[in-house]
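*Asks:* As a plain string of letters, each chain reads:
There are 2 protein chains.
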Amino acid sequence: MDSCEHSLDNIIKNNLNPEQLKEFNRIYYGRENHSELKLKESTRKISNEKNFQVAAYSFSAANEEVRNPRVVKLGLVQHSVVLPTDRPVDEQRNAIFEKVSHIIEAAAAEDVNILCLQETWSMPFFLCTKEREKWSGFAESTVNGPSVTFLSQLAKKHDMVIISPILEDDNGVWWNSAVVIDANGTVLGKHKKNHLPSIGGFKETDYYSPGDGGHPVFDTRYGKVAVNICYGRHHALNWMMFGLNGAEVVFNPAATIAEFGESFWGIEARNAAIANNYFTCGINRVGTEVFGEKKITRSYYGSSYVTAPNGIRTPSLSRVKDGLLIAEVDLNLCRQIKDHWGFQMTARLDIYADELREQVATNYVNN
Amino acid sequence: MDSCEHSLDNIIKNNLNPEQLKEFNRIYYGRENHSELKLKESTRKISNEKNFQVAAYSFSAANEEVRNPRVVKLGLVQHSVVLPTDRPVDEQRNAIFEKVSHIIEAAAAEDVNILCLQETWSMPFFLCTKEREKWSGFAESTVNGPSVTFLSQLAKKHDMVIISPILEDDNGVWWNSAVVIDANGTVLGKHKKNHLPSIGGFKETDYYSPGDGGHPVFDTRYGKVAVNICYGRHHALNWMMFGLNGAEVVFNPAATIAEFGESFWGIEARNAAIANNYFTCGINRVGTEVFGEKKITRSYYGSSYVTAPNGIRTPSLSRVKDGLLIAEVDLNLCRQIKDHWGFQMTARLDIYADELREQVATNYVNN
Chain G
1 MDSCEHSLDN IIKNNLNPEQ LKEFNRIYYG RENHSELKLK ESTRKISNEK NFQVAAYSFS
61 AANEEVRNPR VVKLGLVQHS VVLPTDRPVD EQRNAIFEKV SHIIEAAAAE DVNILCLQET
121 WSMPFFLCTK EREKWSGFAE STVNGPSVTF LSQLAKKHDM VIISPILEDD NGVWWNSAVV
181 IDANGTVLGK HKKNHLPSIG GFKETDYYSP GDGGHPVFDT RYGKVAVNIC YGRHHALNWM
241 MFGLNGAEVV FNPAATIAEF GESFWGIEAR NAAIANNYFT CGINRVGTEV FGEKKITRSY
301 YGSSYVTAPN GIRTPSLSRV KDGLLIAEVD LNLCRQIKDH WGFQMTARLD IYADELREQV
361 ATNYVNN
Chain W
1 MDSCEHSLDN IIKNNLNPEQ LKEFNRIYYG RENHSELKLK ESTRKISNEK NFQVAAYSFS
61 AANEEVRNPR VVKLGLVQHS VVLPTDRPVD EQRNAIFEKV SHIIEAAAAE DVNILCLQET
121 WSMPFFLCTK EREKWSGFAE STVNGPSVTF LSQLAKKHDM VIISPILEDD NGVWWNSAVV
181 IDANGTVLGK HKKNHLPSIG GFKETDYYSP GDGGHPVFDT RYGKVAVNIC YGRHHALNWM
241 MFGLNGAEVV FNPAATIAEF GESFWGIEAR NAAIANNYFT CGINRVGTEV FGEKKITRSY
301 YGSSYVTAPN GIRTPSLSRV KDGLLIAEVD LNLCRQIKDH WGFQMTARLD IYADELREQV
361 ATNYVNN
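As they're listed, the protein sequences go chains G and W.
Residue numbering for the first sequence follows our numbering, beginning at 1 and increasing consecutively.
Residue numbering for the second sequence follows our numbering, beginning at 1 and increasing consecutively.
The reader is advised that the hints may include incorrect statements.
No distinction is drawn between identical chains; accordingly, a pair holds when it is met within one copy or between any pair of copies.
[Unchecked claim] Derived pair list, reagent style SDA-like, types lysine to any residue, alpha-carbon separation capped at 25 Å:
1) Lys-130 x Leu-39
2) Lys-294 x Ala-361
3) Lys-338 x Gly-200
4) Lys-338 x Thr-362
5) Lys-13 x Glu-262
6) Lys-22 x Asn-10
7) Lys-99 x Lys-157
8) Lys-13 x Gly-261
9) Lys-73 x Thr-43
I should point out that these hints are in silico values taken from the structure, not numbers from a laboratory.
Okay, chain G solo, but in the shape it has when bound (with noise of 0.2 Å):
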């Protein structure tokens, strides 16, 4: 990892004493150790040579009775753009493809079987410019766009679950979307990004509305997944309905920036974790894009994470550079936690249904 790179992790790793390290493990991450694995020296190889991290830990569960252990691997994949913002299209959208095609492949060798790309991965978030027209290029067919084209084939080639949180334009609509491609190549469905910022300047309903789709859990392979993009994080019952429709996987694929909440990045994920008990892969991409005449600038800190259901957290990846976490889990751990602590049987959501239905219906009054 770069030397100038002052993560949270970093600062603290580098200067703890063994057991001062174990006891904040213990309060911050949840776990003394943070059960490393080893990885490959073709992955170290192609890592180095290409200039991107690569992290790996384990989550285990207990030992069941009626069910097998279901172990499966999750990949997150952080990366900065390639070439400056004022390229053609294609060039830019093509050198982002050859970039992440070595970080998939690496995935792929350490087994990964399900992955996640960062929101509207295949393009600069130029959504800061407030320009719509000329950046048109960007947004995609979820059908048959260049995105989904060039996952499609890498999901099939690795047996992978890939997940493409792109700018999706349907017929002419535009939508925050994230596709959903199951390990044979096939695209199982999309879901709209249903929580939209409008914060300051920056206004993302400038650009397409918020989603129409409610909350869909798709049945992967491997597992149930869902996605939870950016903005949507902040709320808690985007995390919860998703819970609800029985997601073991939420994915929160994102483009945020250190001025808006760094401080809480490593909360939001993790408290939905917490309340819903299933495991949560924060994604944000890093790097600085700079756009137009105005030199409109945009710095993203990185630092993709993943909560187990029980809270336990691995440590981020870098702030500042191209990333690949893995985290090998069994999914049964969902259900022990949710057996153990009760967060469900005592929700007592016919209460809140009635509550928020009071609340709509009067406008907020009390507010």
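Position chain W relative to chain G; hints supplied.
*Replies:* Structure of chain W alone, referenced to chain G:
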């Protein structure tokens, strides 16, 4: 603070250089500097004499054109019991009263306006014994029981709102309740714990039922407050309803042990502050309590802390020592953050009211 105390905050403070500490604080706490407030000499003196920690921090808000600042001081008290649990009830309770009276005097001297005690503060947390009759002397009336009588006098004397979470005896029926005493010493009302744990051998349902009073918010002299009692912090909707009902500060008095989730003690109340844009105050008891011939033993880890509506948090109080945590806050920050982030505007509660109702009607068939 005790040198033997391996709190996360102490480990960090004692091992990082100033530059690293700033960066750690920025990412972890949300600001580089904690804005610590200077304590009065008399406060230092009494806290040394009586062996409790005092820490005080400040959270500011922007000036507004229409509203004046609404600066109030919140006080959180964590403490251990005093006498062995086999001593007479009155002796045990009076010893706690005596200890807590010194902490409240210190809070008054520091101009605390709203103070909250820990869950069932006037007794050892005997609920782990599964016994009932032999401890029933600790259950109290919220109208004229010893705790409310004792605290009403202090509230009036110091013009202080005091929240008193106790084991309520309502004509022979028990509840886990928090009594809200306004600054004139009168009882504004009470809240009954909505979600009860039933984890392994520990079942609060052996003692009392889940609350039947919904999500009240109390309009005290200094601001609108609510109480989310202990296990209720695991339920995002519990936090949310207090917010929708107008709370500006939500206290989370608890009695929780390291074996159950010390690593997410810092996550849940903080996430609630972020999601709902109010101040949250997590309060947990300290010390070890031993019960009966079987020597049933429970150790509490303190670590009380405050989070602001923008996610910035204070360091924790000690894991092992009695303490008073003071947060000087401007309540105007709640609406300022709501206006900036837009979580309420983008909450789409209508779709969730429908989806929850449907989940309830179908008995969670997807799960």
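*Asks:* Please go over all the hints and tell whether each is borne out by the structure.
*Replies:* Verification of the hints:
In this assembly of identical chains, Lys-130 and Leu-39 lie within 25 Å of each other by CA distance neither inside one copy nor across copies; the values are 43 Å within and 49 Å between. Taking the shortest alpha-carbon separations for Lys-294 and Ala-361, neither the intra-copy value of 45 Å nor the inter-copy value of 54 Å comes in at or below 25 Å. For the identical chains of this complex, Lys-338 and Gly-200 are inter-copy neighbours only, at 12 Å across copies versus 39 Å inside a copy, given an alpha-carbon limit of 25 Å. Only between protomers do Lys-338 and Thr-362 lie at most 25 Å apart by alpha-carbon distance; the minimum there is 20 Å, versus 34 Å within a single protomer.
In this assembly of identical chains, Lys-13 and Glu-262 lie within 25 Å of each other by CA distance both inside one copy and across copies; the values are 20 Å within and 21 Å between. Taking CA atoms no more than 25 Å apart as the test, Lys-22 paired with Asn-10 passes in both settings, with 15 Å inside one copy and 14 Å between copies. Within a single copy, Lys-99 and Lys-157 get their C-alpha atoms as close as 18 Å, which meets the 25 Å cut-off; across copies the closest is 69 Å, which misses it. In the homo-oligomer, the alpha carbons of Lys-13 and Gly-261 lie at most 25 Å apart both inside one protomer (23 Å) and across protomers (23 Å), since each shortest distance falls under that limit.
For a Cα distance limit of 25 Å, the shortest separation of Lys-73 from Thr-43 inside one copy, 15 Å, qualifies, whereas the shortest one across copies, 54 Å, does not.
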